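Using the hints, position chains U, W, R, X and Y against chain Z.
Protein chains in written order, with my numbering: chain Z, 1 to 306; chain U, 1 to 306; chain W, 1 to 306; chain R, 1 to 306; chain X, 1 to 306; chain Y, 1 to 306.
Since the hints were made in silico from the structure, they are not lab data. Owing to the predicted nature of the structure, the values given are computational and were not obtained by experimental measurement. The beta carbon of each residue, even a glycine, is placed where N, CA and C say it ideally should be. Hints are supplied without guarantee of correctness; some may be wrong.
Claimed, not checked - One side only, chain R facing chain U, incomplete, derived with CB under 10 Å:
id	residue
1	Glu170
2	Met187
3	Asn188
4	Glu221
5	Ser222
6	Arg223
7	Thr224
To be verified - Away from chain W, derived, C-beta distances all over 10 Å, residues of chain Z:
id	residue
8	Thr38
9	Ala90
10	Gly122
11	Arg166
12	Pro252
13	His279
14	Ile282
15	Val296
16	Arg299
17	Val304
Number of protein chains: 6
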Amino acid sequence: MTEKARLTADKIRKLEVQGARNVAIAALKALETMAHETKTNTRESFFKELSEAKTILFEARETEPLMRNAVKWIINRVEDSDERSVETLATLVTSSSRSFQKKLEGSIELIAEIGARRIRDGMVILTHCHSSTLTRLLTKAKKTGKNFEVICTETRPALQGRITAREMIELGIKTTMIIDSAARSFMNVADMIFVGADALTSEGNVINKIGTSSIALLAYESRTPFYVVSELLKFDPTTLCGDYEIIEERSPLEIWAEAPENLIIRNPAFDVTRREYIHGIICEEGIIPPDSVVEVMNRRYPWVFH
Amino acid sequence: MTEKARLTADKIRKLEVQGARNVAIAALKALETMAHETKTNTRESFFKELSEAKTILFEARETEPLMRNAVKWIINRVEDSDERSVETLATLVTSSSRSFQKKLEGSIELIAEIGARRIRDGMVILTHCHSSTLTRLLTKAKKTGKNFEVICTETRPALQGRITAREMIELGIKTTMIIDSAARSFMNVADMIFVGADALTSEGNVINKIGTSSIALLAYESRTPFYVVSELLKFDPTTLCGDYEIIEERSPLEIWAEAPENLIIRNPAFDVTRREYIHGIICEEGIIPPDSVVEVMNRRYPWVFH
Amino acid sequence: MTEKARLTADKIRKLEVQGARNVAIAALKALETMAHETKTNTRESFFKELSEAKTILFEARETEPLMRNAVKWIINRVEDSDERSVETLATLVTSSSRSFQKKLEGSIELIAEIGARRIRDGMVILTHCHSSTLTRLLTKAKKTGKNFEVICTETRPALQGRITAREMIELGIKTTMIIDSAARSFMNVADMIFVGADALTSEGNVINKIGTSSIALLAYESRTPFYVVSELLKFDPTTLCGDYEIIEERSPLEIWAEAPENLIIRNPAFDVTRREYIHGIICEEGIIPPDSVVEVMNRRYPWVFH
Amino acid sequence: MTEKARLTADKIRKLEVQGARNVAIAALKALETMAHETKTNTRESFFKELSEAKTILFEARETEPLMRNAVKWIINRVEDSDERSVETLATLVTSSSRSFQKKLEGSIELIAEIGARRIRDGMVILTHCHSSTLTRLLTKAKKTGKNFEVICTETRPALQGRITAREMIELGIKTTMIIDSAARSFMNVADMIFVGADALTSEGNVINKIGTSSIALLAYESRTPFYVVSELLKFDPTTLCGDYEIIEERSPLEIWAEAPENLIIRNPAFDVTRREYIHGIICEEGIIPPDSVVEVMNRRYPWVFH
Amino acid sequence: MTEKARLTADKIRKLEVQGARNVAIAALKALETMAHETKTNTRESFFKELSEAKTILFEARETEPLMRNAVKWIINRVEDSDERSVETLATLVTSSSRSFQKKLEGSIELIAEIGARRIRDGMVILTHCHSSTLTRLLTKAKKTGKNFEVICTETRPALQGRITAREMIELGIKTTMIIDSAARSFMNVADMIFVGADALTSEGNVINKIGTSSIALLAYESRTPFYVVSELLKFDPTTLCGDYEIIEERSPLEIWAEAPENLIIRNPAFDVTRREYIHGIICEEGIIPPDSVVEVMNRRYPWVFH
Amino acid sequence: MTEKARLTADKIRKLEVQGARNVAIAALKALETMAHETKTNTRESFFKELSEAKTILFEARETEPLMRNAVKWIINRVEDSDERSVETLATLVTSSSRSFQKKLEGSIELIAEIGARRIRDGMVILTHCHSSTLTRLLTKAKKTGKNFEVICTETRPALQGRITAREMIELGIKTTMIIDSAARSFMNVADMIFVGADALTSEGNVINKIGTSSIALLAYESRTPFYVVSELLKFDPTTLCGDYEIIEERSPLEIWAEAPENLIIRNPAFDVTRREYIHGIICEEGIIPPDSVVEVMNRRYPWVFH
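Looking at chain Z on its own, in the form it has when it is part of the complex (with noise of 0.2 Å):
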């Protein structure tokens, strides 16, 4: 019964479900169904088709902290319970998985109503790729009346910048689109940098689109704030111990299609954006410095370590 899993991590790998947000929200969804529509019942045999849906899903894709610390959540709460009917642990499945996406949504709705007071009348926003937190962030600042600008950058190979763009245009906010290379040409014309993140490490840094580390570069070059805009759940426990967070590399394909043969392409999804040039991490604690992360975790979500 772990085929919802499967078809779940089948989506994820295949992108058609983006975003480190909806991945993790699939997650669970296919989690509460295959609660659902289980046939085992006994309580053990229950918990080893949620180990093995989970073992499934973590598989899907390998920089995923939110999803991986959702389903860890998740699992962890039916455990605590000694209940022995699957009727009821499949409930419980549910309302821990509502739960988890209640406290989701209202960190998001935090850090954007956070995020937005950070921007200020006339300010001109780069960023780079797409996040929903973002978004939100910069829907909720435009909202309560900021007049501000964003350059977006189209973000190669999959060209997210766009999506980005065509989301400002729809706010109303008057958007410039660059390519990757030009962003030095625009950092003294940019106020301040919004980047999402798509993981939290142990040391402070952030895994984020491929490009982001070289903005946040020239961003330090010229004394213009960065700033990342991300869930605390993204934090990626396994990095304390000596993991390092791993980089996706993606089809050649997306560079080069009609490539000469012997030609090798390269095509990591992520690159690492270390602590020190980054001005703040804007998450559902407040605005905190990268180097904190470790301990706001410990304070708040110390089941993330066990």
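Frame of chain Z, contents of chains U, W, R, X and Y only:
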């Protein structure tokens, strides 16, 4: 009879003729043709035509110091003669033009030799965009038995990195292509950076394809030597006089053909790399620090300043 | 009966009461007076008055987190009690206020002790503006037999450096005064920089007298340790929520009384020193990196966040 | 009966016992012996003796926070008991000491595991001086099949780099030795730097063998990750209180035995590496930014501060 | 008959004559007067008087290379002639002096033209202190229709920023004044920095009003172009020979007239801006990197070195 | 008859003759001897012998530009003459050699004078390795009454710092010796760094004893001026042509005579200090920025390039 100049200027404008050296040669050939097909028969009207041709060619593109210096040199040479016969003057145009091209060819060959010596066996060279002088250098290095690899960025929006990649593959060099944004992820793999130049300025800065200055900063961040490969005649003397090197802005369609309405697309073709990020300029004088370009020009090509 | 609060607020506004600590104490005393002279006789109306007083005091000056935290703490404590007698509540205001002041005094004494240990015989300490906590620290160091010199900037426009200079001279410390612009020329003479703070932010940055951030940069340029001496209760919790610490802009007359017509004069009173330029914050917790201020606040003063 | 403490202190002073961990264990064993051989028979006199032993051991060497924390912990534990029988108290000394050593051993094993995961096949690790914890880490990495090389500096004046080199050779690791001054020439060959620590300070700085801070700066210059490998109990709580970590200065004879008369020889044994040059501290908590050491200590080992 | 030289030297010393150019012209005029009023009647005694006058003028102020170079040039020119008639020699003094002043005027006009081209519509230019050459440049820019704003520091202690402010206001330029310490707060508002110079050194460094080097560092921190506007004849040839440019220290009374007893007041008038912080020197040669000053001097003014 | 050249080359190779200047003089003396003892009697065979001698001497050591430039200069001078008598040619070798040595001596004396002026009373000068030119400079400073201290590194592996230390002690200068790794700990004590040079390159970089580039970086980190003291004839013209200055690698036995089997020992003798870390080069031209070395060579010693 300035029609030929007009035709050539058009081709340059439409990028049918590309690359600083090709553009310069096309302009010289236009002058040659024009001089031989002219219908004027006085020295005065001949020079009037030359002067008009110069204006037309100069207006073809804003950042073309090599072409401008070439045209200026030919006209200076012809003006220096006391000849009054239009036929003789036309012959002088041709011989000066040939002489200039020969010297240019000599410079490029010398640059290739000098630069090839910088390459050591086992090195990984990272490059950006396409430069015929740099290709000559890498060809020379390969032909003299140096064993090295090349990483080339794709160079959005016009993807000239693909030209470089094809040339490298044809030379039998192990070649890797990456997107522009991935340069930082490969900076510690690269042992040296080589880029071409569109213009050299009196401050020692270099104008080259958009994205060059970011790569220079990344190289500086990781102590990777960054060299500019360029004929000295790409020096623009107007920069000495306070003029900015004008950064051409090309069509938004190059970036996004079906962009949503209201989206502003900015497409500067070049950027400025500050001298402090440049290890050396590999030119016909040898490998020199960028700060000394003005002095070397004064010693080698004093006519450029007049 | 909020008249006392209004009078105090006026004095703060006109700088008749100056310095974060003096302002906080004046506000507490206003609350004490008000509580005892009130004519209300219900708990509800008593708290209404307290709340009005708080608003009045908060509006006196924009950057006064110590005063705000102090007032908030007193009111919280009184609200926590179930008492309904106004007289008893008034007594509680007084006892809480006394207790706060005693703790503050304890913090300052502790900071002085900790900071004094950082000073070694023969050192030259450079400072900017005036801070009563820092004077306490230097007094402590002098009294414990440390032999050191002080360089103080004059601190335009209000010349508070002269207050520091007088205090140092009175302590018998060899003291040199320089203009603010000369700090770089004396940076290699100075062994350590000590400055006070007006506010600490969640990002680990420090708000202090205009000019502080330049001195921090100069210290960083020459590898001279730069310490901020501050009670932790100068932390502003609203910065965590995305609010900017508001930089007060004072009268142009302070800079040029008879300025020519049409000349714009800008007179910001504070600036922001980034955490990366700060060696440590000397506070009642000890010497800590600026990045950990939020976590230390959460451990020591969690009520600040509510 | 503090003779054993005195003997141990002597051995420590003469470097017959070396390395933070060995020194700590020797001190604990001295306490154990002393407790069991004491002739006192009252709780009061027993504690008096313990206290004297502590003083003697603390004076053996100035920079030994691990030993100091160990001794402090044992004595605290014994004092916490209400026992009055000297025999029982002596047993408590032993059991506490064993327990401490076991935990220390556990920490080191955990650090080795965590750090080993940071090593990737093909890496070149550069190290300075000798650290038994680091050797454990590299042994673990080698045993788990990681394929890597080591470069070790010789580490003048006492040449502890030779100990590291021998250990690496014995593990079958390809090892290169260089003089300390050559580190910059090999920095672009190295993929990562690992060093041990003698003490951690409240500012997040690390005290280690002289030369460490230069290597950290070189690593920073070339964007090479620099990690400190250390048990958290090397944290020195007095640094929080403003005390400087005292830098031991050793005999000039170590540098030049037959130096000419009048030549001053300075021989500091350690230096201070600023937190900004440190990528992370690999400790029993995991890999953490150096800024968070104080907070982690407060969470894990709060007794250290009392 | 060196009385005139003595009077002029006095005026220079008392700052009755101010600014490098005014001082140079005053010295030349003193030489002219002296030459025409002399009572000597032999070539030898005439040159003896000239030499005495030179000594007197040189001693008037320590950092006046323009005046020194001017006086040296005049005397060299007169010495080169074989004339023995004192009257003719006196005429030669006058004609040389006039010729020098004319050339100087030509240089300044050229600098103004070159520098004005650097200014683009909409720019905000930040400047420090007062420089007549810079005022000429800004006047030229304004007159040629450029639309820009100016921020000027007040420039303690002598407040020469007020002179600049008045001149800008009179030109109808939107002008803002700030205290020196506020420069960092306005650095991201400024698009370019322009300062004058008192002396140029062989290392490519610039001596200018105290505070200039801090502003250069701030500009560097935020990638804001920093230009020095100066006649090349402010080059001091003794710096090539190892002499330090002497930094004049002025009266403490300028800083605090009623300072408390025992307070040391240090009042250096200039500081040194390192070449690495300077984008370019705008001089009569054009815009050049500071490193090439010695070579340009060798080419244009070789007599300066003899 | 090239035996003398061979003997001299051997001594150079075995370090029996050491130091750039001694090596150059030894090579010149070998040429002199050879010229006078030759048995050839035709101009052609004489030049053939000279040419063989040149080859032998050049192969003695890889990084010896001063010797190479010296030999080249002598041979050029002799070749320029039309003489056919071997005896006369031999005399010309001697006179040219004497003339070269005299000029070299003049350069060194001039460098000493110029550099000595940079030293101010009370300064602490830090130096690395040994340089006879630098010793001359410090001797000159001491003799002209300057009062200063010297810190010298021991300079592993060959400990040439001890030679410097002995020379300083003999001059009566207060001298401190440290290990190479301790340089950072004394960087804020040092007021200036002086080092010699083995070779100057066209990029403006300096080749000197291993460890020099680290010290330059440390000086840069702490804003301590770093000067290179060198005759310009140490410039290596092949660097202009793209050749790398070859870094000699010396015997592992110098580092560890009884190293364990399998241990690789790398012992490069020199490293490269980038121009950006060098305040100035103190040479016979004066104090110049490193960027201008090529231009100064073109002006003073154009024959070097042919």
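Which of the numbered hints above does this structure break?
Of the numbered hints given earlier, those the structure breaks are 1, 13, 14, 15 and 16, listed in rising order.
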